[in-house]
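All chains should be built: construct the whole structure from the sequences, respecting the hints.
The lines below spell out each chain.
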Amino acid sequence: MENMEHEYIIAHADKSVLKISGLKVKGLNTKQLEEILSEKLHTFVRVIGVTGDNIEMDVYDIDPEQVRKNEAGLIESLALAEGITTTDITKMLCSDKIVEVDYDSIPDEPISACARERWMKRQ
Amino acid sequence: MKTVYILPTGDEIKNGTVLDLDAPEIVRMTVKEYPECEVIRMCPLLDIEDTIFNKISEIAQREPDLIVLIGGSGGGHRFSKTLGKDFTHSALERYLDEYSSHEIYGKNGHMWSKLVCGKKGPTTIINVPGPFVEASAAFGAYLNALSQNKDVNGISLAMAEAVLAQYPTGAASL
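Chains as they are written, first to last, in our numbering: chain A, 89 to 211; chain B, 19 to 192.
Hints listed in this document are in silico derivations from the structure and should not be mistaken for laboratory results.
The calculated BS3-like cross-link candidates involving lysine-lysine, where the alpha carbons are at most 25 Å apart (straight line), are:
#1 B:K73 - B:K137
#2 B:K32 - A:K114
#3 B:K125 - A:K107
#4 B:K137 - B:K20
#5 B:K50 - B:K168
#6 A:K107 - A:K128
#7 B:K138 - B:K168
#8 B:K138 - B:K73
#9 A:K179 - A:K119
#10 A:K112 - B:K32
#11 B:K32 - A:K107
#12 A:K179 - A:K157
#13 A:K114 - A:K179
#14 B:K32 - B:K73
#15 B:K50 - A:K119
#16 B:K32 - A:K119
#17 A:K179 - A:K107
Residues on chain A that point at chain B, a partial pick, calculated with CB under 7 Å:
#18 H94
#19 E95
#20 I97
#21 I98
#22 A99
#23 A101
#24 V113
#25 G115
#26 R134
#27 G140
In silico negatives: residues of chain B with every beta carbon more than 10 Å from chain A:
#28 K32
#29 I77
#30 G158
Only a predicted model underlies this, so the values are computations on that prediction, with no experimental measurement involved. Beta carbons are placed, not taken as given, at the ideal position from N, Cα and C, and that holds for glycine.
Next up, the structure:
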């Protein structure tokens, strides 16, 4: 067999993490939810984690304040997606943009396969 | 291509919290390209590395042309305790003697996705990320690379580039 390649690619994208809690989720159509929120926020949205009562998403290239200001409207839009029921305790939390790390300061494997974790452990 | 096994992973897929949209799309894409292919979608697996490893081993003994694992391709629980456990790439690395891999990192140092492609006997084994647009882009790149007779390095790179293209990345560096 030929020499096997193991390469790293760095994606230079700004993103924030959007967490919505207090939901009832069953049979969620993630594609539909991403499309609804992308249209509403005019940017890329990616669902990255779902449980029975909350959803975590990456939102790219957006000012987190813009998301926070639109909380009520966004929660209303969520209910349009198949598999989501909002409740009176539904809440939205948007993180600040991700912070860039210095890749030169990240320890090598085998501490962890995740560079972020390796970077944190080095602190 | 005559036989393909699709292995969705994820507790949220297995318990029905999230609809499995990826597997039907991979079936559709495969059948479009290879109308006579038999495509088997297996019962979704929990995010447990040994469970995934054992199922890959079991299916590979049937010597299909392709096994596709869906989901669990990022840093996941290693980065955030609220995210799912991501074990498909580590299970594949344990199972495959030789493989090619491409890891996509965000500028925050978090591994967003790791694409692995390897061979065991006559079987090619790949993984694709869980998000629908990334899964369909990665699998489309696989089919395209296969039609161009690319080796596992070429397939892995093509899949990683297709996933990267789904982010508003601006510049990317290897």
